[in-house]
Amino acid sequence: MTLSVLYAILFYVAAIVFIGGIARKIYIYAKTPAPLKIPTTPAPLTKPGVAWRIIKEITVFQSLFKSNKWIWIFGWLFHFGLLLVLLRHLRYFIEPTWFWIDLIQPFGKYGSIAMVVGLFGLWARRFLVDRVRYISSPSDHLMLLLLILIGVTGMLMTFVIPINIVAVKGFTMGLMTFDMQPLPSSTVLFIHLALIIVLMVVFPISKLLHAPGLFFAPTRNQRDNPREQRHVQGWSAEGQQQ
Amino acid sequence: MAKDTVTAPKYREFREIPVIVEGAMADSKPYVAKPAHQEGVGFPGELVDNWQEVAVKKLGELVSNSRALQVFLDTCVKCGACTDKCHYYIGTQDPNNMPVARQDLLRKVYRRHYTFAGKYFPKLVGALDFDEEVRDLWYSYFHQCSQCRRCSVFCPYGIDTAEISMAGREVLDSIGVGQKYCNEILGKVHKIGNNLGLPEPALVDTLEGLEEDLEDDTGHKIRVPVDEKGAEVLLITPSADFFAEPHIDGLMGYAKVFHQAGISWTLSSYASEAANFSMFIGSHDNLKRTAMRIREAALDLGVKRIVVGECGHAWRVAYSFWNTLIGPFDFLDKTYPSPSHICEVTYDLLQKGAIKLDKEANDHRIITFHDSCNVSRASRMGNMPGGQFIIPRALLKAAANNFYDMAPETIHENTFCCGGGGGLLTDELMDLRVKGALPRMEALAEVVEKYNVNTLVAICAICKTQFAKVLPYYEFPMDMINSLHQVVGDAIVLGGNH
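Chains A and B, in that order, are what the protein sequence lines are.
Here the first sequence is numbered in the numbering used here, starting from 1229 and rising by one per residue.
Here the second sequence is numbered in the numbering used here, starting from 108 and rising by one per residue.
It should be emphasised that the hints constitute simulated quantities derived from the structure, not laboratory data.
It is possible that some hints are incorrect.
[What the hints assert, rightly or not] Computed footprint of chain B on chain A; a stretch qualifies when at least three of its residues, placed anywhere within it, have a C-beta under 8 Å from a C-beta of chain B:
id	stretch
1	1347-1358
2	1364-1375
3	1437-1447
[What the hints assert, rightly or not] No farther apart than 20 Å at their CA atoms in a straight line, the calculated lysine to aspartate or glutamate pairs in the DMTMM-like style are these:
id	chain 1	residue 1	chain 2	residue 2
4	B	Lys411	A	Glu1456
5	B	Lys226	B	Asp324
6	B	Lys466	B	Glu240
7	B	Lys557	B	Glu120
8	A	Lys1297	B	Glu123
9	A	Lys1297	B	Glu516
10	B	Lys395	A	Asp1358
11	B	Lys395	B	Asp512
12	A	Lys1294	B	Asp191
13	B	Lys165	B	Glu239
14	A	Lys1259	B	Glu123
15	A	Lys1294	B	Glu516
16	B	Lys295	B	Glu123
17	B	Lys557	B	Asp512
18	A	Lys1294	B	Glu123
19	B	Lys441	A	Glu1466
Values in this document were obtained by computation on a predicted structure and should not be read as measured data.
Note that the Cβ used here is the ideal one computed from N, Cα and C, for glycine as well.
With the sequences and hints as input, model every part of the structure.
The structure is reproduced here in structure tokens:
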């Protein structure tokens, strides 16, 4: 029970750091001015056009696809797998579960495989490709290791040593309603959750910020209309009437 | 560097990605600006005493004033997508010329001083203090980036290394370590009005000579006017167009187009420069100050339109930044976009039938077109995305019978830099320039072999100068490089209309 209390407290702290940290970063990105028009052209001329450009970047990693098929396939496997896994995990936070969450449960299982395969592929590149080896810092390796361990411990519980998921749900629902419930006693689960806590804390101070950052890149989110509409912001707005 | 010490790298047989050779270009550095050059553009004359402190503070200011930097410094995941996209990496194999590694030179210092991870776990995330060694790396490798934005096309987060190298150069300028080539030239623009330091009488003289040449060549009284109040069009063109080959043939081409279409136009001796090297050094004070001469000239001459000649980065500044910096252009004719590119003007006249081109006049040319980086990836022509690729090609196809594009992965937004952009067009960087031209030369060699291409057309003053210098290293004739309006000018049917 003391361990459960400890985990509960850590989850609250991690949630605050995670949400607060990302919110702070998003605030900084949003309030930092973009003084000049710098979309990478050819760029869309309209707002829906820009939205479509960004949707393509998020869903099919369009630029990466143009760039490198190996990184694309591993990166996409990982991210899409992760999405399925996260959706599968929604069942721990919603009661009664929505029907489509029930529906995708098996896909979440395959997702975990895709996720870990993708991560190993990306990690292999850090050793095998001389250019990628050169640019990798220890943190780049550790981040992959962290994600792989999260994936592998999760898969262990799904495929090898099942745990009492009803009790887990009791714990997570308890977290949300501030009604402390014990975690089932499982070493793999404790490792899995500890690693997730680390991931949540590290997220807002690491390269994982690429997730919110993508939406704010002026090269991708600006319209190509500098002649049609005068753009002034930050230093370029100083001394202007607008 | 003397010509005989520089050799071109060999073409790659299968375009394989070259392996890294650490430190291959560590000695490549442009000349450092002298105090006079520095002060002419508002920077300290020499290395300031507390340069580390000043640099770190300046970096912080730049980041908090630019969303691009703020986001780009956070979002890179080191995926490696950009690592083989830079022409300087391909040509030199120096790993610091991989876009991500170049960015990291700055990112490491930013992390060290402005992020939690870098402050407390520098080794883990590869954060570095801004010491003498790092300063030297910055000077060397931020002057091995032509700010061509090719990497930004391929980055899944749209990270643009140009923004980073501009910031790096600005930090260096702020501590007194500027680059001679850019800063000296900018001083001349501020003082005299053009990069060459060509004063008004010399300009007038040159243009008169040009009018005589035009009359000798064509038998028509084609004018190249300067400072004519009340003209309809103010032409802002790179000053290389006044004297360099093949640039000057382009200028004569513009003159023929305006003449035949019956459009009155003028150059300005006060704003006799389209180039704005302030962009290369990231200095927005200088950017604005240089551009402002053009607004002043346009108001002074009372023109209705501003048209920009063939120049890549100048077109980026004009198209993307002028409205912001020196707009609004409410004093100009609303029927035309402001500013217009000379290619847009010629294309428009061609569509309307106001000029006619005789393709057979160019039958001796077998043409290919080099998309200039700043035109391709940082601007537009016409009213649709990608017009910057369509319009110049439409003009070439209307002016000549023989046109062949280079390989698709080397044109349009995938175009490779000529190797001399971004303020690197200086002789002491010749080794870098020759090596950086490799991917473009490989693509050119292919169409030369396949279609007997003998003419490489560009619409950028830097590209033209760079190719004229670099082509011979790859055993192509230097006069293979032509201005687009040279080809148009040779095909234009003069007389008849008026």
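Each hint tested on the structure:
| no. | hint | result |
| --- | --- | --- |
| 1 | 1347-1358 | holds (count 4) |
| 2 | 1364-1375 | holds (count 6) |
| 3 | 1437-1447 | holds (count 8) |
| 4 | B:Lys411 / A:Glu1456 | holds, 17 Å |
| 5 | B:Lys226 / B:Asp324 | violated, 68 Å |
| 6 | B:Lys466 / B:Glu240 | violated, 57 Å |
| 7 | B:Lys557 / B:Glu120 | holds, 16 Å |
| 8 | A:Lys1297 / B:Glu123 | holds, 15 Å |
| 9 | A:Lys1297 / B:Glu516 | holds, 15 Å |
| 10 | B:Lys395 / A:Asp1358 | violated, 42 Å |
| 11 | B:Lys395 / B:Asp512 | violated, 37 Å |
| 12 | A:Lys1294 / B:Asp191 | holds, 13 Å |
| 13 | B:Lys165 / B:Glu239 | holds, 17 Å |
| 14 | A:Lys1259 / B:Glu123 | violated, 43 Å |
| 15 | A:Lys1294 / B:Glu516 | holds, 10 Å |
| 16 | B:Lys295 / B:Glu123 | violated, 43 Å |
| 17 | B:Lys557 / B:Asp512 | holds, 11 Å |
| 18 | A:Lys1294 / B:Glu123 | holds, 17 Å |
| 19 | B:Lys441 / A:Glu1466 | violated, 26 Å |
The structure fails hints 5, 6, 10, 11, 14, 16 and 19 (numbered hints given earlier, in ascending order).
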